[in-house]
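Chemist: Sequence:
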Amino acid sequence: MPKKIEAVPIVPTNANEERLAKAGEAAIELNALQVAANDNAKAVAVQLGYDGSLSVGALEDEIRFYQRRTVEACLELGKRLLVLKELTPYGEFQQRITLLGFEYRNASRFMQAAIKTSKSANLSLLSSQVKSMAAFLELVTHDEDVIENLAEIDDIERMSASEVRALARNLKAEADANDKLLQDKNAKIDKLTRENKKGVVAPTNWEDAFKPLLDQQHVAVTQIALKLGDIKNVIDAGLQVEVPENEEPSLHNARKLLATKIKADLEQAKEQLEASLHYFDKTLDGWL
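Heads up: the sequence shown begins at 428 in my numbering, then just goes up one per residue.
Derived by calculation from the structure, the hints in this document are not laboratory data. Mixed in with the good hints, there may be bad ones.
[Said to hold, decoys possible] Only pairs whose alpha carbons sit at most 27 Å apart, straight line, appear in this in silico DSSO-like list of lysine-lysine:
{"#": "1", "residue 1": "K638", "residue 2": "K654"}
{"#": "2", "residue 1": "K709", "residue 2": "K659"}
{"#": "3", "residue 1": "K618", "residue 2": "K654"}
{"#": "4", "residue 1": "K683", "residue 2": "K659"}
{"#": "5", "residue 1": "K638", "residue 2": "K618"}
{"#": "6", "residue 1": "K654", "residue 2": "K697"}
{"#": "7", "residue 1": "K638", "residue 2": "K607"}
{"#": "8", "residue 1": "K512", "residue 2": "K469"}
{"#": "9", "residue 1": "K709", "residue 2": "K697"}
{"#": "10", "residue 1": "K546", "residue 2": "K612"}
{"#": "11", "residue 1": "K599", "residue 2": "K654"}
{"#": "12", "residue 1": "K638", "residue 2": "K659"}
{"#": "13", "residue 1": "K612", "residue 2": "K659"}
{"#": "14", "residue 1": "K688", "residue 2": "K654"}
{"#": "15", "residue 1": "K599", "residue 2": "K615"}
{"#": "16", "residue 1": "K615", "residue 2": "K659"}
{"#": "17", "residue 1": "K543", "residue 2": "K612"}
{"#": "18", "residue 1": "K690", "residue 2": "K638"}
{"#": "19", "residue 1": "K618", "residue 2": "K607"}
{"#": "20", "residue 1": "K615", "residue 2": "K654"}
{"#": "21", "residue 1": "K546", "residue 2": "K469"}
{"#": "22", "residue 1": "K599", "residue 2": "K638"}
{"#": "23", "residue 1": "K618", "residue 2": "K659"}
{"#": "24", "residue 1": "K618", "residue 2": "K543"}
{"#": "25", "residue 1": "K683", "residue 2": "K599"}
{"#": "26", "residue 1": "K709", "residue 2": "K688"}
[Stated by the list, open to error] DEER-style ranges, computed between Cβ atoms:
{"#": "27", "residue 1": "T710", "residue 2": "R621", "range": "24 to 34 Å"}
{"#": "28", "residue 1": "I662", "residue 2": "D642", "range": "28 to 38 Å"}
{"#": "29", "residue 1": "E519", "residue 2": "G479", "range": "34 to 44 Å"}
{"#": "30", "residue 1": "A470", "residue 2": "Q539", "range": "30 to 40 Å"}
{"#": "31", "residue 1": "V473", "residue 2": "K697", "range": "41 to 51 Å"}
{"#": "32", "residue 1": "A696", "residue 2": "A636", "range": "28 to 38 Å"}
{"#": "33", "residue 1": "A696", "residue 2": "D642", "range": "45 to 55 Å"}
{"#": "34", "residue 1": "G656", "residue 2": "T687", "range": "19 to 29 Å"}
{"#": "35", "residue 1": "K697", "residue 2": "E530", "range": "46 to 56 Å"}
{"#": "36", "residue 1": "G484", "residue 2": "I651", "range": "53 to 63 Å"}
{"#": "37", "residue 1": "A696", "residue 2": "E669", "range": "54 to 64 Å"}
{"#": "38", "residue 1": "D657", "residue 2": "L678", "range": "38 to 48 Å"}
{"#": "39", "residue 1": "D617", "residue 2": "T710", "range": "38 to 48 Å"}
Where is the CB? At the ideal position from N, CA and C, for every residue including glycine.
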């Protein structure tokens, strides 16, 4: 008997059209998401001053390249990670970070460094001076007023992360102490003002009222004395160096450069002191 041939079921035409329509809608939605991701990535790149490739593959290759460098690498890594984050679908960025060999915590520090440096002139300046990536990443964690003070320190570029951390802690403590003195002074003045407005007849103890000003002056003078002591230590250290005779010319030039810098800084400090004395002569000197 001839073999029976089974009939192949025919899918209705309207069912095929429905599947095609859904596939088309999905493709349109996916394309819209990709366009939005590309636009976001371009915006971040412009904000950060990044003019490299915007493809995922190229970004990952460059990230691997900059992983082998120092502070510049830290910032370039941060820029690329931020752009890559915009290009990566939601929920996949941390997985890509792991595949690149990063801990997410470290990647976050690089991204934070790139963002803060793009907004801070002081950090931008320090990024070209500090040689240690760990020290620079420590700088990034501090407020702008502390960073501004750190940027004024001559040997900041040679400091380790722990030294930067300790110095920043000291600067913050000094700033907090000065703020506390200023707050106490203002509180005293506000209290006296309120009492005067209430018509308080009792005489004011002005020596007590001026005590916060005296304390603030004491802190300022103490800081000046400490800084002058630091300069003396630098001079002593520069004079104590001994080298073989064949290195004498180089040592002579180094001491000359050190002397030139210290002389210029002392002259500037002298001018500032004379200006303060002149201002004092025109104001408080009349009570002496």
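Chemist: A separate judgement is required for each hint: does it hold in the structure or not?
Modeler: Status of the hints after comparison with the structure:
no. : hint                      : verdict
1   : K638 <-> K654             : 24 Å, holds
2   : K709 <-> K659             : 32 Å, violated
3   : K618 <-> K654             : 35 Å, violated
4   : K683 <-> K659             : 16 Å, holds
5   : K638 <-> K618             : 14 Å, holds
6   : K654 <-> K697             : 14 Å, holds
7   : K638 <-> K607             : 13 Å, holds
8   : K512 <-> K469             : 12 Å, holds
9   : K709 <-> K697             : 19 Å, holds
10  : K546 <-> K612             : 34 Å, violated
11  : K599 <-> K654             : 17 Å, holds
12  : K638 <-> K659             : 32 Å, violated
13  : K612 <-> K659             : 34 Å, violated
14  : K688 <-> K654             : 15 Å, holds
15  : K599 <-> K615             : 24 Å, holds
16  : K615 <-> K659             : 38 Å, violated
17  : K543 <-> K612             : 34 Å, violated
18  : K690 <-> K638             : 36 Å, violated
19  : K618 <-> K607             : 16 Å, holds
20  : K615 <-> K654             : 30 Å, violated
21  : K546 <-> K469             : 18 Å, holds
22  : K599 <-> K638             : 23 Å, holds
23  : K618 <-> K659             : 44 Å, violated
24  : K618 <-> K543             : 41 Å, violated
25  : K683 <-> K599             : 34 Å, violated
26  : K709 <-> K688             : 32 Å, violated
27  : T710 <-> R621: 24 to 34 Å : 27 Å, holds
28  : I662 <-> D642: 28 to 38 Å : 31 Å, holds
29  : E519 <-> G479: 34 to 44 Å : 21 Å, violated
30  : A470 <-> Q539: 30 to 40 Å : 19 Å, violated
31  : V473 <-> K697: 41 to 51 Å : 47 Å, holds
32  : A696 <-> A636: 28 to 38 Å : 32 Å, holds
33  : A696 <-> D642: 45 to 55 Å : 23 Å, violated
34  : G656 <-> T687: 19 to 29 Å : 21 Å, holds
35  : K697 <-> E530: 46 to 56 Å : 51 Å, holds
36  : G484 <-> I651: 53 to 63 Å : 58 Å, holds
37  : A696 <-> E669: 54 to 64 Å : 30 Å, violated
38  : D657 <-> L678: 38 to 48 Å : 22 Å, violated
39  : D617 <-> T710: 38 to 48 Å : 23 Å, violated
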